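J.: The residues making up each chain are set out below.
4 protein chains.
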Amino acid sequence: MSKDLISQENIVVGEIANGLPLTIPVYRLKGDGSGPSVYIQANMHGAEVQGNAVIYQLLEQLKTLKLRGDITLVPYANPIGCNQKSGEFTLGRFDPITGTNWNRMYRFNNALPAQIAEQHASSNEDTIRSALKDALVADINAQLNGPDYSLTTGKRIALNLQKLAHQADIVLDLHTGPISSQHLYCPEYAKNSAQYFNIEHVLLIPNDFGGAMDEASFCPWWSLSEELTKYGRELSVQVEAFTVELGSQEKIDLSAALEDAHSILSYLTHKGVFVDAAYQPKAMTRYGCMLDDYIAYYAPMGGMVEYLAPLGGHIKAGEPIAHILRMERYLCEQPLQTLSFDKDAIAILHFASASVNQGTELYKFFTNVFEL
Amino acid sequence: MSKDLISQENIVVGEIANGLPLTIPVYRLKGDGSGPSVYIQANMHGAEVQGNAVIYQLLEQLKTLKLRGDITLVPYANPIGCNQKSGEFTLGRFDPITGTNWNRMYRFNNALPAQIAEQHASSNEDTIRSALKDALVADINAQLNGPDYSLTTGKRIALNLQKLAHQADIVLDLHTGPISSQHLYCPEYAKNSAQYFNIEHVLLIPNDFGGAMDEASFCPWWSLSEELTKYGRELSVQVEAFTVELGSQEKIDLSAALEDAHSILSYLTHKGVFVDAAYQPKAMTRYGCMLDDYIAYYAPMGGMVEYLAPLGGHIKAGEPIAHILRMERYLCEQPLQTLSFDKDAIAILHFASASVNQGTELYKFFTNVFEL
Amino acid sequence: MSKDLISQENIVVGEIANGLPLTIPVYRLKGDGSGPSVYIQANMHGAEVQGNAVIYQLLEQLKTLKLRGDITLVPYANPIGCNQKSGEFTLGRFDPITGTNWNRMYRFNNALPAQIAEQHASSNEDTIRSALKDALVADINAQLNGPDYSLTTGKRIALNLQKLAHQADIVLDLHTGPISSQHLYCPEYAKNSAQYFNIEHVLLIPNDFGGAMDEASFCPWWSLSEELTKYGRELSVQVEAFTVELGSQEKIDLSAALEDAHSILSYLTHKGVFVDAAYQPKAMTRYGCMLDDYIAYYAPMGGMVEYLAPLGGHIKAGEPIAHILRMERYLCEQPLQTLSFDKDAIAILHFASASVNQGTELYKFFTNVFEL
Amino acid sequence: MSKDLISQENIVVGEIANGLPLTIPVYRLKGDGSGPSVYIQANMHGAEVQGNAVIYQLLEQLKTLKLRGDITLVPYANPIGCNQKSGEFTLGRFDPITGTNWNRMYRFNNALPAQIAEQHASSNEDTIRSALKDALVADINAQLNGPDYSLTTGKRIALNLQKLAHQADIVLDLHTGPISSQHLYCPEYAKNSAQYFNIEHVLLIPNDFGGAMDEASFCPWWSLSEELTKYGRELSVQVEAFTVELGSQEKIDLSAALEDAHSILSYLTHKGVFVDAAYQPKAMTRYGCMLDDYIAYYAPMGGMVEYLAPLGGHIKAGEPIAHILRMERYLCEQPLQTLSFDKDAIAILHFASASVNQGTELYKFFTNVFEL
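Residue numbers (the working numbering), protein chains in the order written: chain A, 2 to 373; chain B, 2 to 373; chain C, 2 to 373; chain D, 2 to 373.
Careful, some of the hints might be misleading.
To be verified - Computed beta-carbon distance windows for the label pairs:
| no. | chain 1 | residue 1 | chain 2 | residue 2 | range |
| --- | --- | --- | --- | --- | --- |
| 1 | D | 333 | B | 13 | 57 to 63 Å |
| 2 | B | 285 | C | 273 | 39 to 45 Å |
| 3 | C | 105 | B | 283 | 47 to 53 Å |
| 4 | A | 285 | B | 212 | 40 to 46 Å |
| 5 | A | 116 | D | 333 | 42 to 48 Å |
| 6 | B | 110 | A | 116 | 32 to 38 Å |
| 7 | B | 283 | C | 319 | 52 to 58 Å |
| 8 | A | 12 | D | 335 | 19 to 25 Å |
| 9 | C | 105 | D | 126 | 51 to 57 Å |
| 10 | D | 105 | A | 13 | 41 to 47 Å |
To be verified - Dumping the calculated SDA-like pairs for lysine to any residue here, alpha-carbon to alpha-carbon at most 25 Å:
| no. | chain 1 | residue 1 | chain 2 | residue 2 |
| --- | --- | --- | --- | --- |
| 11 | A | 317 | D | 362 |
| 12 | B | 64 | C | 336 |
| 13 | B | 156 | A | 353 |
| 14 | B | 134 | B | 37 |
| 15 | A | 64 | D | 334 |
| 16 | B | 4 | C | 336 |
| 17 | A | 156 | B | 146 |
| 18 | A | 231 | A | 209 |
| 19 | A | 156 | B | 297 |
| 20 | C | 67 | B | 333 |
| 21 | C | 134 | C | 33 |
| 22 | A | 344 | B | 37 |
| 23 | B | 156 | A | 272 |
| 24 | D | 164 | A | 272 |
| 25 | D | 31 | D | 272 |
| 26 | A | 344 | B | 146 |
| 27 | B | 31 | B | 5 |
| 28 | D | 317 | D | 345 |
| 29 | C | 64 | B | 337 |
| 30 | C | 164 | D | 362 |
| 31 | A | 64 | D | 336 |
| 32 | C | 156 | D | 212 |
| 33 | C | 67 | B | 313 |
| 34 | C | 164 | D | 297 |
| 35 | A | 156 | B | 339 |
| 36 | C | 317 | D | 147 |
| 37 | D | 164 | C | 297 |
| 38 | D | 64 | D | 212 |
| 39 | D | 134 | D | 226 |
| 40 | A | 156 | B | 64 |
Simulated from the structure, these hints should not be mistaken for laboratory data.
From a predicted model like this one, the values you see are computed outputs, not experimental measurements.
Backbone N, C-alpha and C define an ideal beta-carbon position, used for all residues, glycine too.
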């Protein structure tokens with residue numbers, strides 16, 4: 002396949018104050034229909050740009066491959082967040098008007114799986130799959146075609162993306178942390194798939210909907226499986242969806258992006274998306290953590306922070322994880338405080354800035370870690 | 002009573018990056034103990050400053066009155082939001098780091114009412130009231146005294162305020178809309194109290210906890226009532242809590258504040274907070290609306306807005322509510338679009354700015370309005 | 002003339018991070034060449050939207066008129082500022098990355114007037130005018146065509162607009178204050194023209210270049226006049242340029258815009274831009290103030306502000322202009338401070354927000370006022 | 002000397018909206034009067050925090066030294082900038098209300114040097130020095146004691162700091178770049194002093210006042226020298242002032258801070274500030290560049306940036322300095338553009354974010370470099 006077999010469509014997802022349209026580029030590659038279809042998006046949060054580079058490297062690879070399933074790739078998924086500066090940095094984690102996190106606006110109509118299960122308890126797999134896919138897309142369309150005053154800016158963007166994602170069997174949402182090691186948000190049922198990504202740290206998440214793209218993609222199918230058991234029917238979860246955390250925000254690194262593209266291609270190879278592709282996962286120890294054991298550590302005091310915990314590294318309870326410099330009180334108290342955490346843990350990410358208020362999220366830690 | 006009988010305490014609710022403490026002034030007046038106690042705060046959202054002026058006018062009145070119950074008054078409730086500028090305006094609706102709405106961080110431990118009901122199904126009213134009050138304050142203290150890394154900046158502020166609020170029988174949280182007419186968030190069970198405020202528009206809200214101060218204050222007591230019915234016990238809801246929306250943000254008006262103080266004093270008089278006070282509500286038609294019928298109208302297109310609907314006024318379905326000017330398309334389409342709403346309604350508030358993206362919240366409307 | 006005789010061009014003035022072009026719509030009407038040409042732009046500062054409505058009303062009028070000179074109208078002059086929100090308000094007074102005021106980035110090459118004067122000391126008026134116009138446009142083009150790494154985002158926007166403006170004989174830059182009465186920035190030499198606008202308050206400005214559009218437009222021509230006197234040549238200043246301050250920001254008012262369009266059409270009628278137009282200025286007393294006497298009044302303390310001075314109204318030295326509410330110190334000092342100004346003055350504008358730091362610009366005053 | 006000999010004063014430099022004071026901690030160490038006095042401040046720009054760590058390390062060293070001259074150390078010089086977040090990063094380069102760069106608000110009354118030269122053309126050095134110092138401090142006091150409405154927020158902060166700085170013979174203002182190698186702003190006359198700092202890259206700046214602390218400190222003394230030559234009097238410039246650029250913003254590194262403290266102590270040793278101190282500069286090649294040859298490179302297109310030029314490294318004209326990824330145009334043009342600079346240069350700093358608009362400052366380069 003060459004670049005000629007990639008098609009581009011620019012979808013309109015909104016309109017800004019001076020009347021110009023908000024558009025998102027969508028790249029599509031056609032498969033022969035014999036494998037699962039794939040949807041990959043990047044940069045829903047404005048500062049998390051590395052996913053665009055990964056999509057670039059994916060396209061460079063994909064144009065040399067023979068595809069079984071269709072692949073849809075969406076860089077720059079959020080045309081507002083992507084371009085929202087305040088000072089030098091990109092302020093694109095939430096809608097600057099409302100504060101709503103751009104990745105909490107997807108939709109999950111939890112009535113649908115039960116309805117489909119009831120109607121299709123004895124249908125074959127293909128029929129069930131089509132029925133829920135059609136219902137999900139129809140549900141999104143109903144939202145998009147409701148009264149023209151019924152959608153927020155972010156909801157309209159989210160629904161347009163979700164309409165594309167619901168048509169796929171595999172959904173990858175490419176994010177980054179602030180300053181972060183790589184990690185994978187993986188639904189518990191898909192734990193076995195985690196070994197095909199070259200990502201050491203895996204967060205196992207339950208069937209709860211919190212508004213994110215990965216949850217919006219797999220919750221309906223997970224719920225469908227559960228609903229069908231009420232009718233004595235077993236059906237594996239038909240869709241896999243992951244949030245891939247690529248590393249740190251505000252950074253483009255094309256070599257790292259190539260590595261990440263290989264990691265994703267390894268997973269897609271395993272899922273049978275390609276005819277004769279040779280991508281293999283790397284040998285590495287993968288560590289898992291349940292979402293409830295993923296602990297945020299908020300700054301116990303205000304000050305200037307020297308981060309000490311190595312990201313991706315294992316720390317012991319009580320070891321220093323940060324110094325807090327407090328020059329306001331040089332004479333009246335110890336101006337250099339040492340912080341520690343009271344559990345053994347893996348430090349996954351830390352705050353992007355060196356100055357914090359009391360209560361700023363300083364670190365996030367995997368605890369009760371196990372090998373996958 | 003004179004100014005001498007008011008006491009001030011500055012509570013520390015956090016610490017900023019350069020080590021300076023975040024403090025909030027708390028004013029207290031002692032009653033003789035024969036009436037309900039009162040907690041009133043203002044300015045949790047940074048731009049909503051008028052509540053401070055109302056507290057000023059309340060203090061000026063209260064120092065001439067004889068109190069049955071204690072009164073606690075907290076202006077400048079949010080020392081971060083209050084001082085957060087971005088351009089000329091105050092950007093204080095949400096934490097600038099996380100996007101979280103400052104008024105969605107209060108706590109409700111919904112296990113407590115059931116526990117108290119179980120333990121005190123046959124206790125007397127005073128005992129029950131004390132038991133839940135104590136449990137609520139203890140629960141907040143447990144949060145405040147947890148591991149020092151466990152609280153976000155906003156949660157620490159919220160819990161400190163809530164600790165004060167839980168000690169009162171009446172809680173008023175003074176807010177404003179963006180550009181807004183006055184309205185009252187009133188729990189359904191307290192509908193009869195709405196007539197004592199001089200506020201024409203009343204939103205009746207259910208026993209759902211969404212994180213706001215009013216809900217955090219009344220939900221435990223409403224739930225206690227409901228739990229006690231399981232034991233065949235009837236107990237009216239012991240606490241009343243309201244969010245009072247005073248009008249528009251970014252505005253100080255001392256005469257309007259005196260009016261609003263009179264409105265609050267009228268309600269407190271009715272509740273028996275004073276010995277011999279003569280504050281009476283004004284005669285006016287009060288309109289109610291159920292929370293589910295409070296409809297947000299999002300801009301159906303981007304552009305520059307001329308707002309046409311009179312705030313607080315009744316509009317008919319199909320009447321013009323705004324012009325949207327779109328100069329980008331002067332030649333190729335109608336550059337001046339007229340918007341309408343498809344329901345009869347009262348326009349309660351509109352967006353603060355004249356330029357909007359598609360999907361910006363343009364108006365909020367009362368629909369299915371009834372007279373209270 | 003009808004709408005058909007208006008042409009539109011969208012000029013590209015930059016490119017944002019996701020690669021989308023920044024474009025500005027430019028509307029042009031052709032005259033018969035017998036009168037001066039006109040350039041009018043609006044909304045260089047993002048929140049100052051009313052100028053777009055004035056351009057709308059101008060276009061509605063102009064399409065019924067017969068023009069002697071060409072007219073170019075540019076709404077939405079700043080596609081970044083126009084769409085930059087931070088909270089509900091538009092944060093478009095300065096580049097959010099650098100802090101540079103968007104209206105301080107125009108160019109004035111002060112070598113050009115001297116060069117033209119030297120070369121054309123004895124040429125006729127038309128030749129001189131063409132020579133300087135050509136030199137100004139060539140100078141802008143040289144900047145735009147320099148090394149591709151040599152221009153800031155704002156400079157590129159400014160130069161593109163200035164290229165259009167330099168081709169006109171009359172330049173109007175439509176702005177607004179924060180909360181403001183109407184006023185006109187008028188170069189001293191053009192004082193007589195001020196009476197044709199329906200604007201009561203006129204600020205007379207000298208031949209100093211501070212980076213604004215009006216100055217960038219008239220300074221070269223004023224300097225040319227001055228340079229020519231060195232050669233014993235008298236030439237009136239050939240270009241008039243004004244900044245028209247329409248009122249308050251964040252507001253669209255189509256009726257006021259029609260009034261303002263009439264005011265501008267009255268001035269253009271006086272300058273001979275139309276064949277047979279009947280627009281006449283209103284009778285009113287116009288007050289002048291020299292730029293050096295335009296005094297900024299910075300908040301002498303932090304607090305919450307009730308603005309008292311009527312905008313456009315004459316105040317006496319010592320009269321109250323604002324209350325500052327300081328609830329932090331209710332008990333220990335007077336919580337309601339009254340501010341005054343030590344000069345007789347006209348209050349032209351005040352700050353947009355009700356909460357200020359010590360040192361925030363609270364008011365701007367005309368002092369040493371005279372009747373024009 | 003021990004910690005006991007350090008004194009602290011908190012100076013009040015303003016007041017915020019909720020009435021709380023803005024304070025700055027000032028640490029002072031007394032010398033025996035036999036050497037020059039020193040003023041060092043840090044963190045005038047909010048995100049440039051590393052200077053606070055340098056002041057910490059300086060204090061730790063200084064308390065073991067015997068001082069000839071007094072030393073004043075001011076961390077957290079800007080209590081607004083330091084605490085201004087917008088998203089995760091600190092937005093403290095400019096006043097969030099006005100856009101004015103906090104380091105462009107210092108004062109230089111250029112009439113003073115001429116006055117002192119005229120009055121003291123034949124006085125001795127000590128008298129001249131005292132006369133100008135007194136005049137400078139008196140001039141600042143006159144500003145601070147003017148009408149209470151005459152100072153902006155930033156000006157009040159700047160003047161308070163400058164009053165301290167004017168009392169010293171040596172002034173160091175500790176800054177950082179965005180992502181940056183170390184460099185020193187050095188006035189041309191003090192070129193020989195540059196070799197005592199352990200800083201490879203030195204920018205030589207002329208006697209022009211642009212509003213910064215270093216200029217505000219040395220311009221009066223440089224001008225005095227120049228003025229005195231008119232009277233046939235030679236006087237070396239009596240004050241040295243530098244802006245020390247420590248590296249990257251948003252970073253605390255205590256080891257690097259210790260290195261930087263040594264570098265500063267080496268310079269102060271050379272200037273005779275200590276009795277018997279052994280700090281020596283490191284041997285290194287130091288490169289100089291004239292300010293006019295310090296070239297900003299603005300992004301020639303919008304996109305996502307991979308920075309390639311090593312900071313502090315020498316690059317050749319035409320070598321790649323960055324990749325710009327433009328995924329919007331993957332199919333219709335080359336999506337990965339390579340940028341180069343047309344001059345041999347040293348890359349000193351680059352932009353902090355990976356996504357840029359056309360015209361964002363991407364790099365700053367030393368050109369026409371020479372060895373010092």
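J.: Determine for every hint whether it applies to the structure shown.
T.: Structure-based check of all given hints:
Taking the beta carbon of each, residue 333 of chain D and residue 13 of chain B are about 59 Å apart, inside 57 to 63 Å as hinted. Taking the beta carbon of each, residue 285 of chain B and residue 273 of chain C are about 59 Å apart, not inside 39 to 45 Å as hinted. At about 52 Å, the CB distance of residue 105 of chain C to residue 283 of chain B agrees with the hint of 47 to 53 Å. Between residue 285 of chain A and residue 212 of chain B the beta carbons are some 41 Å apart, a value that agrees with the proposed interval 40 to 46 Å.
At roughly 44 Å, the beta-carbon separation of residue 116 of chain A and residue 333 of chain D lies within the given 42 to 48 Å, and the hint holds. Taking 32 to 38 Å as the suggested C-beta distance range, the pair residue 110 of chain B and residue 116 of chain A conforms, at roughly 35 Å. Checked against the hint of 52 to 58 Å, the C-beta distance between residue 283 of chain B and residue 319 of chain C comes to roughly 37 Å, which is inconsistent with it. Distance hint check: the CB atoms of residue 12 of chain A and residue 335 of chain D are about 24 Å apart, consistent with the given range 19 to 25 Å.
Range check, residue 105 of chain C to residue 126 of chain D: about 42 Å between beta-carbon atoms, so the 51 to 57 Å window is missed. A C-beta distance of roughly 42 Å is found between residue 105 of chain D and residue 13 of chain A, which places it inside the suggested range of 41 to 47 Å. Between residue 317 of chain A and residue 362 of chain D, the direct Cα distance comes to roughly 43 Å. Violation of the 25 Å bound is thereby established for this hinted pair. Between residue 64 of chain B and residue 336 of chain C the CA atoms are separated by roughly 15 Å; this keeps the pair inside 25 Å, and the hint holds.
The hinted pair formed by residue 156 of chain B and residue 353 of chain A meets the criterion: a straight-line CA distance of about 21 Å does not exceed 25 Å. Annotation: proposed proximity of residue 134 of chain B to residue 37 of chain B holds, straight-line Cα distance about 13 Å (limit 25 Å). Distance check on the hinted pair: residue 64 of chain A and residue 334 of chain D sit about 16 Å apart at the alpha-carbon level, within 25 Å; holds. With a C-alpha separation of about 12 Å, the suggested pair residue 4 of chain B and residue 336 of chain C falls inside the 25 Å cut-off, and the hint holds.
A hinted pair counts as satisfied when its Cα atoms are at most 25 Å apart, and residue 156 of chain A with residue 146 of chain B does not qualify at roughly 38 Å. For the hint linking residue 231 of chain A to residue 209 of chain A, the alpha-carbon distance of about 19 Å falls within 25 Å, and the restraint holds. Taking the CA atoms of residue 156 of chain A and residue 297 of chain B, the gap is about 14 Å. The hint holds against a cut of 25 Å. As the CA atoms of residue 67 of chain C and residue 333 of chain B are separated by approximately 22 Å, the hinted pair is consistent with the 25 Å bound.
The suggested pairing of residue 134 of chain C with residue 33 of chain C holds, with an alpha-carbon distance near 20 Å, which does not exceed 25 Å. Proximity of residue 344 of chain A to residue 37 of chain B is assessed by CA-CA distance (about 46 Å); at most 25 Å being required, the pair is judged violated. Note on residue 156 of chain B and residue 272 of chain A: the hinted pairing is violated, with a Cα-Cα distance of about 44 Å set against a maximum of 25 Å. For a cut-off of 25 Å, the pair hint linking residue 164 of chain D to residue 272 of chain A is broken: about 70 Å separates their Cα positions.
Restraint check: the Cα-Cα separation between residue 31 of chain D and residue 272 of chain D comes to about 16 Å, which is no more than 25 Å; the hinted pair holds. For the suggested pair residue 344 of chain A and residue 146 of chain B, the alpha carbons sit about 18 Å apart, so the restraint of at most 25 Å is met. Restraint check: the Cα-Cα separation between residue 31 of chain B and residue 5 of chain B comes to about 11 Å, which is no more than 25 Å; the hinted pair holds. For the proposed pair residue 317 of chain D and residue 345 of chain D, the alpha carbon gap of about 4 Å is at most 25 Å, so the pair holds.
Of the supplied pair hints, the one linking residue 64 of chain C and residue 337 of chain B holds, its CA atoms being roughly 16 Å apart against a limit of 25 Å. Proximity of residue 164 of chain C to residue 362 of chain D is assessed by CA-CA distance (about 23 Å); at most 25 Å being required, the pair is judged to hold. Between residue 64 of chain A and residue 336 of chain D the CA atoms are separated by roughly 15 Å; this keeps the pair inside 25 Å, and the hint holds. A distance of roughly 22 Å separates the Cα atoms of residue 156 of chain C and residue 212 of chain D; the hinted pair therefore holds under the 25 Å criterion.
At most 25 Å may separate the alpha-carbon atoms for a hinted pair to count; residue 67 of chain C and residue 313 of chain B exceed this at roughly 46 Å. Annotation: proposed proximity of residue 164 of chain C to residue 297 of chain D holds, straight-line Cα distance about 24 Å (limit 25 Å). Distance hint between residue 156 of chain A and residue 339 of chain B is fulfilled; the C-alpha atoms sit about 24 Å from each other, no more than 25 Å. About 21 Å separates the Cα atoms of residue 317 of chain C and residue 147 of chain D, which keeps this hinted pair within 25 Å; it holds.
Note on residue 164 of chain D and residue 297 of chain C: the hinted pairing holds, with a Cα-Cα distance of about 24 Å set against a maximum of 25 Å. Annotation: proposed proximity of residue 64 of chain D to residue 212 of chain D is violated, straight-line Cα distance about 33 Å (limit 25 Å). In summary, the hint linking residue 134 of chain D to residue 226 of chain D is supported, as the alpha carbons are separated by about 14 Å, within the 25 Å threshold. For the hint pairing residue 156 of chain A with residue 64 of chain B, the CA-to-CA distance comes to about 50 Å; that exceeds 25 Å, so the pair is violated.
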